[in-house]
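Engineer: Line by line, the protein sequences give chains A and B. Residue 1 is where the first sequence starts when you use this note's numbering, and the numbers rise one by one after that. Residue 347 is where the second sequence starts when you use this note's numbering, and the numbers rise one by one after that.
Take these hints with a grain of salt, some might be off.
[What the hints assert, rightly or not] Partial chain B-side listing against chain A, Cβ under 8 Å, derived:
1) LEU424
2) MET550
3) LEU589
4) GLN591
5) MET604
[What the hints assert, rightly or not] Just a few of them, taken from the derived set where beta-carbon distance is under 7 Å, the chain B residues facing chain A:
6) VAL489
7) LEU497
8) GLY505
9) SER514
10) PRO517
11) CYS586
12) ASP608
13) LEU612
14) VAL614
No lab work stands behind these hints, which were simulated from the structure alone. In this text, a Cβ means the ideal position worked out from N, Cα and C, and glycines have one as well.
Number of protein chains: 2
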Amino acid sequence: MNEELNERCRLILEAIIEDYILSGEPVGSRALTRRHNIALSPATVRNVMADLEEMGFLTSPHTSAGRVPTEKGYRFYLDTLLQIKQLSLGKRQSIREHYKHRGLRMEELLREAGRILSATSSYTGVVMVPHLTTTICRRIDFVRLSARRILVVFVSQSGIVEHKLIESDLPLTESELQEATNYLSQTFSGLSIQEIKQYIVAQMAEEKAMYDSLLRRTLQLSSMALEEELGGQVFIEGACNILDQPEFNDLNRMKRLMRTFDQKNLLVELLHKSQLTEGVQIYIGSPDHYSDIEGCSLVAASFTSRWGATGTLGIIGPTRMPYSTIIPLVDFTAGLVGSILDIDEE
Amino acid sequence: MNEELNERCRLILEAIIEDYILSGEPVGSRALTRRHNIALSPATVRNVMADLEEMGFLTSPHTSAGRVPTEKGYRFYLDTLLQIKQLSLGKRQSIREHYKHRGLRMEELLREAGRILSATSSYTGVVMVPHLTTTICRRIDFVRLSARRILVVFVSQSGIVEHKLIESDLPLTESELQEATNYLSQTFSGLSIQEIKQYIVAQMAEEKAMYDSLLRRTLQLSSMALEEELGGQVFIEGACNILDQPEFNDLNRMKRLMRTFDQKNLLVELLHKSQLTEGVQIYIGSPDHYSDIEGCSLVAASFTSRWGATGTLGIIGPTRMPYSTIIPLVDFTAGLVGSILDIDEE
DNA sequence: GTTAGCACTCTTGCTGATTGAGTGCTAACG
DNA sequence: CGTTAGCACTCAATCAGCAAGAGTGCTAAC
Numbered sequence: 001m002n003e004e005l006n007e008r009c010r011l012i013l014e015a016i017i018e019d020y021i022l023s024g025e026p027v028g029s030r031a032l033t034r035r036h037n038i039a040l041s042p043a044t045v046r047n048v049m050a051d052l053e054e055m056g057f058l059t060s061p062h063t064s065a066g067r068v069p070t071e072k073g074y075r076f077y078l079d080t081l082l083q084i085k086q087l088s089l090g091k092r093q094s095i096r097e098h099y100k101h102r103g104l105r106m107e108e109l110l111r112e113a114g115r116i117l118s119a120t121s122s123y124t125g126v127v128m129v130p131h132l133t134t135t136i137c138r139r140i141d142f143v144r145l146s147a148r149r150i151l152v153v154f155v156s157q158s159g160i161v162e163h164k165l166i167e168s169d170l171p172l173t174e175s176e177l178q179e180a181t182n183y184l185s186q187t188f189s190g191l192s193i194q195e196i197k198q199y200i201v202a203q204m205a206e207e208k209a210m211y212d213s214l215l216r217r218t219l220q221l222s223s224m225a226l227e228e229e230l231g232g233q234v235f236i237e238g239a240c241n242i243l244d245q246p247e248f249n250d251l252n253r254m255k256r257l258m259r260t261f262d263q264k265n266l267l268v269e270l271l272h273k274s275q276l277t278e279g280v281q282i283y284i285g286s287p288d289h290y291s292d293i294e295g296c297s298l299v300a301a302s303f304t305s306r307w308g309a310t311g312t313l314g315i316i317g318p319t320r321m322p323y324s325t326i327i328p329l330v331d332f333t334a335g336l337v338g339s340i341l342d343i344d345e346e
Numbered sequence: 347m348n349e350e351l352n353e354r355c356r357l358i359l360e361a362i363i364e365d366y367i368l369s370g371e372p373v374g375s376r377a378l379t380r381r382h383n384i385a386l387s388p389a390t391v392r393n394v395m396a397d398l399e400e401m402g403f404l405t406s407p408h409t410s411a412g413r414v415p416t417e418k419g420y421r422f423y424l425d426t427l428l429q430i431k432q433l434s435l436g437k438r439q440s441i442r443e444h445y446k447h448r449g450l451r452m453e454e455l456l457r458e459a460g461r462i463l464s465a466t467s468s469y470t471g472v473v474m475v476p477h478l479t480t481t482i483c484r485r486i487d488f489v490r491l492s493a494r495r496i497l498v499v500f501v502s503q504s505g506i507v508e509h510k511l512i513e514s515d516l517p518l519t520e521s522e523l524q525e526a527t528n529y530l531s532q533t534f535s536g537l538s539i540q541e542i543k544q545y546i547v548a549q550m551a552e553e554k555a556m557y558d559s560l561l562r563r564t565l566q567l568s569s570m571a572l573e574e575e576l577g578g579q580v581f582i583e584g585a586c587n588i589l590d591q592p593e594f595n596d597l598n599r600m601k602r603l604m605r606t607f608d609q610k611n612l613l614v615e616l617l618h619k620s621q622l623t624e625g626v627q628i629y630i631g632s633p634d635h636y637s638d639i640e641g642c643s644l645v646a647a648s649f650t651s652r653w654g655a656t657g658t659l660g661i662i663g664p665t666r667m668p669y670s671t672i673i674p675l676v677d678f679t680a681g682l683v684g685s686i687l688d689i690d691e692e
């Protein structure tokens, strides 16, 4: 059915979507024929439009307005019509420039990436910091705050620092803890968290017989330390940028979006999802799918460093974004951030 | 002049402000006499209102609307009329409850504090994490990421973890760095950052003659590590809460506020300022003073732990807030957070 | 299959009338 | 002399009515 779209239909659909992306207003048959020099009369275009509406690619907000692309329309556009431009050399260079003398700290780097995405797109940038599961450990440190409270500081190969407080009822003196720390840093350095966990399980099985040896308590402690996932934070930069879009003259929609930004769970979910797939992913908010970001889309791509740190970044903008420039922007930035992480890790 | 306000004027001003806080709409003479049982006719009230307007406590949005308090009006209200309620025992208990089994990590604790402030007030909570200048050092750690990049991890007495990447051109081998770390942790533990800085300066003067000793390089490194201020981050929680207030039906004002939240500098400034003073501070946004938060106020108080960690927290809401409950809420929370930090530090 | 023409629909912007809340002023009252 | 009642006036907000404009669907002709 969809595949039956002939050349003319596709041309017109593309024209409509591109007009809509530019103007944000429903596009009518007359205006369309004038702007793109289409060798067809408005009446013919109307017929085509009616077909496209029936097939679900377009809707009209009301009887006598023009047509607006539906989610399906966008999808089709993205999948088969859109020609992705290359990011111009100048633009790449200027983006690269931004990363030059800053973002020394991992966290700062990622925040900055979000800010740059936001600024260059004039939409909202989002960045999810790498989950540490697959990350290589460089050092693990235990700091005794009080008898029962121990602070664990974890440093990854790439300089990501995460910390966590655990309450333990295993008595460990200051010097025992010091010894434990040394042992663990030696043993774990160079392993990924996953591997460390496996190691702990294996060792603890072996040590089961031994009664409360220091090693045993040490292992138990590290098990607690790595119990829950570390990382997975999300930064949202330039949230207010998106509010300048005309579609957010609607107060309620605006509030809903802000609430979504505040809560972050949907974003985390989407960013996670896109981490599982290669390349640039696009999520279109619609009443059916991601109703919290109705009217908006997320263009996301994940970045990976050679050492296994994997995060995701992207841009949230109105669904009628100029994807042809936004997609390469996100793609390029993801690659850039990944490679900067690599440099940091050298 | 101001002090000439007689009993009746003050009564009426208070009534107007309280009405306005409740309704958010300009209050007229008739409505006022009815709601509060004032033994005066509307006409008399009108005369008083005219006086108050002339003195700058009230304005009217337009000729035939009621009166609205000015910044000066609020100030007077806050300074001399407002009776601050005690936070009810039940409420205190329920807030305390929230902090029970969570917020193990300093950062989480403060985020949570912001969230609770936001939730109980239904406005926006802000928290500035303690600046580390006056904080006592528990451990300082150097991790070598690459030849020239060294990660500094700083742990305070209270378990605050801060880290920073420095680029150094001092060659230090892995083992030298280890040695340095041990030395510094021993030496610095228990000192405040300020004291550490002084110590470094003193030592370096003494060591000047020595040519490139390990000690010298170590000190230089720590000097770089502590060069810039650590900390001072601001969390904003429940930003969207405030949007439900009727005054934010104005799109532009809304956008401006969101932009202010996004940028944070104004907030940092205000929170800093209020850190210098004891007790609850109130900043009223007006075209003159803090125009970025026009229509809003910040009620802030700083919290201190015995170990010197000092941060600030507060609530941002519309200027017409029920201060009588918000002020004790902020006050109580600041005290509570301070004492929780103390517990963590034991 | 394509197009011109036409009737129809629906939004948008404008106008003017109406309503209601509130003010300021003046004159009367105790 | 302070207080009050009365009255004219001002504005904002709301609503109906109207015209313009953009766009559609349908039909009949090309």
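Engineer: Next, verify each hint and record whether it holds.
Structural biologist: Structure-based check of all given hints:
no., hint, verdict
1, LEU424, "violated, 29 Å"
2, MET550, "violated, 24 Å"
3, LEU589, "holds, 5 Å"
4, GLN591, "violated, 11 Å"
5, MET604, "holds, 4 Å"
6, VAL489, "holds, 5 Å"
7, LEU497, "holds, 5 Å"
8, GLY505, "holds, 5 Å"
9, SER514, "violated, 12 Å"
10, PRO517, "violated, 16 Å"
11, CYS586, "holds, 4 Å"
12, ASP608, "holds, 5 Å"
13, LEU612, "violated, 14 Å"
14, VAL614, "violated, 15 Å"
Going down the numbered hints, you'll see the structure goes against 1, 2, 4, 9, 10, 13, 14, while the others check out.
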